[in-house]
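Work the whole structure out from these sequences, hints included.
The listed protein sequences correspond, in order, to chains A and B.
Residue 1 is where the first sequence starts when you use the numbering used here, and the numbers rise one by one after that.
Residue 159 is where the second sequence starts when you use the numbering used here, and the numbers rise one by one after that.
No lab work stands behind these hints: they were computed from the structure.
Note that the structure is predicted; figures quoted are calculated from it, not measured.
Ideal placement from N, C-alpha and C gives every residue a C-beta, glycine not left out.
Be a bit skeptical, because a hint or two may be false.
What the simulated footprint calls covered on chain A by chain B, stretch by stretch (three residues with Cβ under 8 Å from a Cβ of chain B suffice, anywhere in the stretch; the number is not a length) [stated by the list, open to error]:
1) 7–16
2) 19–26
Here are the simulated DSSO-like pairs of lysine-lysine, each with C-alpha atoms no more than 30 Å apart in a straight line [unchecked claim]:
3) B:Lys481 / B:Lys267
4) B:Lys207 / A:Lys114
5) A:Lys149 / B:Lys481
6) A:Lys149 / B:Lys370
7) B:Lys207 / A:Lys29
8) A:Lys149 / B:Lys325
9) A:Lys114 / B:Lys325
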Amino acid sequence: LTTQWLAIQSFQQSQDLLDALNTLSIHLKLKLAGIPDQQRTEAATRARETLVSFLESFEHILNVSEQTKGSAILGIDPRLRDLARSFSSAKSDRQRFHSVLFTKTVSEVVRLLKATGAEGEGEPLAAYCKTLIDSLGELRALIEEHIHKDTVQILGEI
Amino acid sequence: MREILHQSNICLLREIEKLEAWLAPISPVQELVPYHNWIVGACQLLHGKVLQNLRDLDLGRDEILSDILSTTQELSRMFSLYNQRLLSPVFRSLPSDQLCLRIVSWLHKGHRLTSNIPVGLSDGEFGIWPAPPFPTVYFMPSSAQRGLLYLPLFFHEFGHLLYACHKQQLDTAVRELQEEILDLLTPVSRRNDLYEQTEEGKRSEIAESWYKWAQELFCDAVGLSIGGPSFTRAFSAYFRMLGRSQFHLPREELTNVSHPVSWIRVKLLVERERQLGWSLEANALENEWQTLAKEMVIVEDHYGFYTDRFQPAIQQAIDTMLKEAGPYQITQGEVSCSEWVAGQCTPVCLLNRAWSMFLSDPANYSAWESRAIATFQALGV
Chain A
1 LTTQWLAIQS FQQSQDLLDA LNTLSIHLKL KLAGIPDQQR TEAATRARET
51 LVSFLESFEH ILNVSEQTKG SAILGIDPRL RDLARSFSSA KSDRQRFHSV
101 LFTKTVSEVV RLLKATGAEG EGEPLAAYCK TLIDSLGELR ALIEEHIHKD
151 TVQILGEI
Chain B
159 MREILHQSNI CLLREIEKLE AWLAPISPVQ ELVPYHNWIV GACQLLHGKV
209 LQNLRDLDLG RDEILSDILS TTQELSRMFS LYNQRLLSPV FRSLPSDQLC
259 LRIVSWLHKG HRLTSNIPVG LSDGEFGIWP APPFPTVYFM PSSAQRGLLY
309 LPLFFHEFGH LLYACHKQQL DTAVRELQEE ILDLLTPVSR RNDLYEQTEE
359 GKRSEIAESW YKWAQELFCD AVGLSIGGPS FTRAFSAYFR MLGRSQFHLP
409 REELTNVSHP VSWIRVKLLV ERERQLGWSL EANALENEWQ TLAKEMVIVE
459 DHYGFYTDRF QPAIQQAIDT MLKEAGPYQI TQGEVSCSEW VAGQCTPVCL
509 LNRAWSMFLS DPANYSAWES RAIATFQALG V
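Written as structure tokens, this is what we have:
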């Protein structure tokens, strides 16, 4: 009766997030460079949805984590709890993490992700894309660190 | 950077193509066909994503190299997962797998949320990989796969899949249980000093441990709900000889273990088995573990991680979780089934019959089991 169930679930969630982050990041960068990327439009929309859904629930966990200040975080699986704690630590590491996601609020990034027609919302396209791309990149770094533990548990160490 | 990425993606592509070529001609047993199809589809998807990486590299844009690097690493990890873990249920497939695969397929088909999730079987300690939309892989030690007595332990593993399918609602029930446990641990009056801070830390540690523990206890209850006494018999037979750690663990180890010690699990199973009307079986199980504990001079102490005061809250939380997840509920007829008739009786009927046979006539059990397995494989559920 092993506990790999937790590692595989966490691994899968991180992989899905990385897929969404990379898809959207490439799409935004190509858009910014004026390169047509029609074939990825649908995947980029799905990526936004995946990230919005994750960040909305993750923000709730972060709020609980920050309110409890080191006390128990309840009703949350331990790996997600670890990620929330890593995120909170990253917020105070301004050398590595300085995007909107870590310096402002998660809601702000959710707002940007939902604003697909940024130009129509009064935000210049270049600024919009850059702000979002920075946040996606830093979230990706955090998740790439997070997935290591699950990968080792599932696949072992070489 | 571009050259490194190009080379890595070409290598990955070659590896994927090798697996695809290897997978294509395999004709698995019927129960493994959905799993095989899923893996073939997943490899095709991976193949397509690597080709996309190569097309992206051809765009010649430096600003997306970091994204292509991350994607290549993500795809490499996924490939390793397929190559090292998810493909083995297909490549190691044996005709004898049909026994286990039929039982887990029957389990999956019996629940609306799991009926379309493909199943695979692999060797290893009892376990499961329950991460839909991945297919579910069940793990079982090789010898246990070839007999009937330990198969009820699959029902516990299936509980993890039910948890994954109802995660949001069950997490809420677990949170409420953790809050109750924290309340029970917190003294009415508290000091305002360093000692109290340390104590609060210990209480938090215990409350957080109960996330995994609650899920394991829920899975035990699912096992009992599906398998009836065959589950508790398999459970006890498997764990009772694993040593002192099944009864007691030092405090520092309790913090890191994902399962409550087996003695706690037995206590809760005994209580639940009595509630379900199997008092004789419950008494036997309780006596068995008390006898072993007495022989080993175990002093029961779980350092606050569990006390009998928690029991009502735990049982209530598990009742709520069972109601939400809705596992199969064994009937009295299946428990007391005197003759297993292939095609008419369920697998749980067969497994309970197996335990009755083993306990009443151990000398002739092996011959009976071989005949029962042959009939089960020939005629099915």
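So, going through the hints one by one against the coordinates:
Counting residues of the region 7–16 of chain A whose CB lies closer than 8 Å to any CB of chain B gives 5, which reaches the minimum of 3, so the coverage claim holds. Counting residues of the region 19–26 of chain A whose beta carbon lies closer than 8 Å to any beta carbon of chain B gives 5, which reaches the threshold of three, so the coverage claim holds. Straight-line distance between C-alpha atoms of lysine 481 of chain B and lysine 267 of chain B comes to about 19 Å, which keeps the hinted pair within the 30 Å bound. Between the alpha carbons of lysine 207 of chain B and lysine 114 of chain A the distance comes to roughly 25 Å, so the proposed pair stays at or under 30 Å and holds.
For the hint pairing lysine 149 of chain A with lysine 481 of chain B, the CA-to-CA distance comes to about 34 Å; that exceeds 30 Å, so the pair is violated. The suggested pairing of lysine 149 of chain A with lysine 370 of chain B holds, with an alpha-carbon distance near 17 Å, which does not exceed 30 Å. Pair hint lysine 207 of chain B plus lysine 29 of chain A holds up; C-alpha atoms about 18 Å apart against a cutoff of 30 Å. Between lysine 149 of chain A and lysine 325 of chain B, the direct Cα distance comes to roughly 22 Å. Compliance with the 30 Å bound is thereby established for this hinted pair.
Of the supplied pair hints, the one linking lysine 114 of chain A and lysine 325 of chain B holds, its CA atoms being roughly 26 Å apart against a limit of 30 Å.
In this structure, only the earlier hint numbered 5 is contradicted, and the remaining ones agree with it.
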